[in-house]
Amino acid sequence: MDLFDKLQILADSAKYDAACTSSGVDRSSQGGALGNAVACGICHSFASDGRCISLLKVLMSNACIYNCKYCINRASNDVPRATFSPRELADLTISFYRRNYIEGLFLSSGIIKNPDYTCEKMIETLRILREEYRFAGYIHAKAIPGADSLLLNRLGQLADRMSVNIELPSQQSLALLAPNKTKEAILRPMGFIRERIQENTSDLVQYRHAPRFAPAGQSTQMIVGATQDTDYQILKLSAALYRKYGLKRVFYSAYVPVVSSPELPALDTKPPLLREHRLYQADWLLRFYGFEAGELLDEQHQSFNPLVDPKCNWALNHMELFPVEVNKAPLEMLLRVPGIGVKSAHRIVTARRNGTLDFAGLKRIGVVLKRAQYFILCRGKTAEGLKITPDAVMRSLISDRCRAMLPEQAEQLSLFQTAITREDVTKCLTGEL
Amino acid sequence: MPDRGAVIYRYDGSFAGFLSVVFTSFEKKEQPVQIMSRDQIQTVLFPIKEIETDKEKASRVRAGIRSRMSENGWQKVRLGFDTCHPEKELLLLRFIRLGMRLGKRVCWMLADDTVAELENALKHLTGEAHQYKGFVRFSEAGGVLAAVIEPKNRVLPLLAPHFSDRYANEAFLIFDKTNREMLLYRPHRYVIIPVENYELPLPGTEERLFRSLWKSYYETIGIKERENPRCRMGHMQKRYWKHLTEMDPDVPPRIDGQDGLPTDGHKLKDRIQLTDTADSSL
Ligand code: SF4
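Those sequence lines, one after another, are chains C and G. The first sequence begins at -8 in our numbering and counts up one residue at a time. The second sequence begins at 21 in our numbering and counts up one residue at a time.
Careful: at least some of the hints might be erroneous.
Claimed, not checked - If you only want the chain C side, here are some residues facing chain G, beta carbon under 10 Å, derived:
id, residue
1, 0
2, 29
3, 36
4, 38
5, 49
6, 76
7, 78
8, 83
9, 236
10, 239
11, 352
These are computed hints drawn from the structure, not numbers from a lab. Cβ coordinates follow ideal geometry from the N, Cα and C atoms, glycine included.
Looking at chain G on its own, in the form it has when it is part of the complex (with noise of 0.2 Å):
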């Protein structure tokens, strides 16, 4: 590629900016040192080329990688766009230059340096959706199941389907407060919103009950003879403590005076199988 001065590009940080990126980027010829999206405040040491998105060029874009690099190329790259690879731009220009040369092999070249790369961006980033499906933690209030996370990669599109399928008839939303956004689901659709920011309720009564009980569960069901802070730490990094109702401090492993369940089973059938005709807050 010739490299005719360097230029630093940047776009507005969406996707379809990024396949605008793309184009010029081939149709120009050129290869920017560094590419940054407009949120990004920075001081920099070379000319900054503005890239407006264009619908237009980005499906070109992705017409050409899909015949080019398969639809298992193309999907590396959309994926490849949520991970929190500091460098994912630059990243994914050099694994699509690869790919537009080499076809659809450039999958399977997994010991090359771009692609081990980016393989393991996705692993990340797959990873970490993953163990979400486990760490996310939902706190019941009117009816709607709320969440909050913290993730380091965009985990929510990964989440959406999986949660949208295990809580069918719930309304539940999760907010990704790294990403400033939220899944939000009511039966039988999500959507993905840019929001700034969001709490969660107050616990009520109930919800108090639940946690405690979560804790005390976890708290007896490690083996003191067996204990291990440092494979515990291995598995659950403590960044996501801070999301997790039982490594809350505030949450008491204990409620004393409780005889039973506050639920009744004909009240929590209503609450799982009829959230459909409730009127949900969303």
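For reference, chain C alone in the conformation it holds in the complex (with noise of 0.2 Å):
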């Protein structure tokens, strides 16, 4: 088969994985022949839809026996099929990890003929990048539901990252939409490689050489909007995710309609890219702003406001801890002021320590004064010349991007729509001011 049309069947196929970071992990070229890992991640090149390139996406084979609905690959679809041999798929990987185009391989696969065969030849692939190439970039392995345990751990010895897709959200939507996989079948071997990593921990306490085990923990994702799950049960699972199974990221894929059935939104549907935004700073909350899913979304309020983001609004119906003073609000205050980044509330709590901080510094930090403006002091005061009417407040709070990413009508729409009305948010600013 023709090496560019192999090529780009199996990126095709693979490209609505979202995961392409090559994060987690820091390692010398040391003792390895070739290559070295960044725990930052390195980004080599952006694409047309402004994704991060930074791993050699591709499927092993696309030949897949499973029939998952909202998959270009399934079974009963008529596309042209294509495999990598595991020799051939090596020898690209080294051949543009040398030119710097990536920083390593994701590999992910089709079901070909059983998930044990097709866990083999995806252990073959990196058995010969890491044995015979003695390659130390980084690796991003798709775990096979199904697989035999033995093969998910010797796949886990040879990648960086390990993941196992969750996609959908729900047992029904998995029973509707992905009639070969079960919630079961997914979440086993996210509980054997979570073992396996807390294991290995110990092992290497004791033995500083024990093999390793996906050093750089494993990942999920989920696809949004195929179903009917809303906001608020994708938020719950990703936290549940993150404390039991102590997952290092959860993706979200805006679902891109490929297949025309009837469970499925219609084939000209827009990938809702706001939602997939919103859930991406909701993770972001969750992780490193010290947020619990609760307090973003609740049973009454399934879905995310889609003119601010969700610290934003969790502060409008916070009106009552604001404003700070930056001067003296301790860190987990600051990190949940807007406009006040993970990185800028550090940089408050080094700089105050040096004298007091004002609006200028405070800019020169890097906060972005247009919206912490409404939520803080400095030195008691409020920045100077701050108006607060309704319009004022909405044109800072809503992002140029989100702005952009909404759909036309919706600017006309009352900006706190889904939280609370217009009315409460200036009596709330002015009466607090």
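With the hints in hand, could you dock these two chains into one complex?
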């Protein structure tokens, strides 16, 4: 088969997987022949859709025997099929890596013959890379649900990160769209990987040279918008996965209709990018800002506010806690101020030890005053010339990025429709400040 | 600082030269209105004082900064000199004055004018260096990997340890067209030397094949329904495109009649592991 066709088919089939990061592990080439890994991850390019390209993201094969309805590679779909040989894929990876096109390999696969056989092919590819070429770059491998645990174990020893994609956030959705998969079948390998990572940590304490198991941890992905599952359900599930399975990342992928089926959104449906964006923002808040899922959404509010980000939304609903004095507020509170990110919060704490901060100083530090100004005081004062009108507030709190993503008519929606009314905001803001 | 008549300092553009400038400024209690390097050609309005580079003075300044402003402060000065801030010398001089007065806490005064300006310049430098860790594109010719970059800041010193580690057993070079210098690596040592000009050799068959495969991969991996040129531009500014294989209009996204990869495993293995003994053309 023509090499260009093959690469195209197998990259095309893999592109809907959102995880392309190479982060989570620091490793020097010491002892290895080629390559290293950098904990913060490196983007090598950006695709036409603006997403980072870090890894060579391909399927081992798209000749899948399963029939998940949302998937372009399902057995009943009439598409060209291709399969890499392990040697071919390993050589391609090395040749790209040497030219610094990529950070490493992201290998996933449709089910060829059966899960064990598929897993063996993937292992052989990784074995060539790690053992023959002594490749020390990044490898992310998808665990194949249903494969023997010995095989998963071997895969995990060769890879930096492993993932099992949940894809559909509820049992009902799975039953509807992925008849060959069950929640059980997905969570079992996830649990197995978690245990192996934990055991491995204690092994490493005892024997420094114990083979490492997925040192960059495990991640998963959920498709957003293929089913009726709400933001709240998805976020709750993420929070539970972080807690119970010690996941490093949950990725969200706005559903792009590739197949027509009565159970799925119509083919001309636009991918829900704004929803995906909000989920990432909320996910960030869970991981780095000390928020709980229940603080951002609840039974009564199952969807994110399309107009303001989840942190802003939370703040507007808790105006009784604001404004905060930046020179005194504890770090945890600074983190909850819209317009103050993790970095700026830490910088504020550092800088205020060496003198009182004013608004100009905050700006120099990197605080987004346009948003933060409504929620903070400096030396007991609000920002000079701060005008609180619903319009001004609205303009400052909706990010340009989101405005661009909103459908036309949404601009006319009342800003706080889903959370609180506009009067409430004005009242809160003017009352408090 | 008493300002007895405006004066311009001119030095040789080297880091040691700059430290000599600092020495003179402190010794003479003089604040220059401008600090320029000798290769800058410019008509000026004020008298010029030529500052000779003096290793002895430079090392005294270094020791002074280190002990008064901590190692951290010294690193900021050293790195600050590689930034593309248009008046980096004056900025650094201001930072050093502040630091000598206030001690090491100057490093944490992030809300101060001078410190914030330096921090921003440093962020620009380290940010650009980080991006280049991804954006450098090597071409292989005669067993040597070669790349050309056109950064704004002087990033090679920051890239050197990264790539030396990544391609520990290879021979490679990166030419910085902006600053006219080259990073040369051979196991297990690197140097950065001034080089006036360098052009990549014409690509051979194999090199052309991998370039095309990469371009084909690049074009496939973007999701059409999510096309977002503005977002891409934000992450990967146009100024980088010139040296990015995937953005090069001359690289075809397909070469017909290609049934497999040209390299067989053994050849590849030799290439990535045995460069120690290989005769590299460096
Ligand atoms: S298992 Fe399901 S989702 Fe995976 S490739 Fe096969 S059909 Fe697609």
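We went through each hint and held it up to the structure:
Annotation: interface hint on residue 0 of chain C holds; nearest CB of chain G at approximately 9 Å, less than 10 Å. Contact between residue 29 of chain C and chain G, as hinted, is supported at the beta carbon level, the nearest pair being about 7 Å apart and thus within 10 Å. With a least beta-carbon distance of about 6 Å to chain G, the hint placing residue 36 of chain C at the interface is held under the 10 Å criterion. With a least beta-carbon distance of about 4 Å to chain G, the hint placing residue 38 of chain C at the interface is held under the 10 Å criterion.
Annotation: interface hint on residue 49 of chain C holds; nearest CB of chain G at approximately 8 Å, less than 10 Å. For residue 76 of chain C, the shortest C-beta to C-beta distance to chain G is roughly 9 Å, which falls under 10 Å, so the interface hint holds. For residue 78 of chain C, the interface hint holds, since its Cβ comes within 10 Å of a Cβ in chain G; the closest pair sits about 6 Å apart. Below 10 Å, beta-carbon pairs count as interface contacts, and residue 83 of chain C has one with chain G at about 6 Å; its hint therefore holds.
Nearest Cβ of chain G to the Cβ of residue 236 of chain C: about 28 Å, over the 10 Å cut. The hint is violated. Interface restraint check: residue 239 of chain C against chain G, minimum CB-CB distance 21 Å, threshold 10 Å, status violated. Checking residue 352 of chain C against chain G: minimum C-beta separation of about 3 Å stays under 10 Å; hint holds.
Checked against the numbered hints given earlier, the structure breaks hints 9 and 10 and satisfies all the rest.
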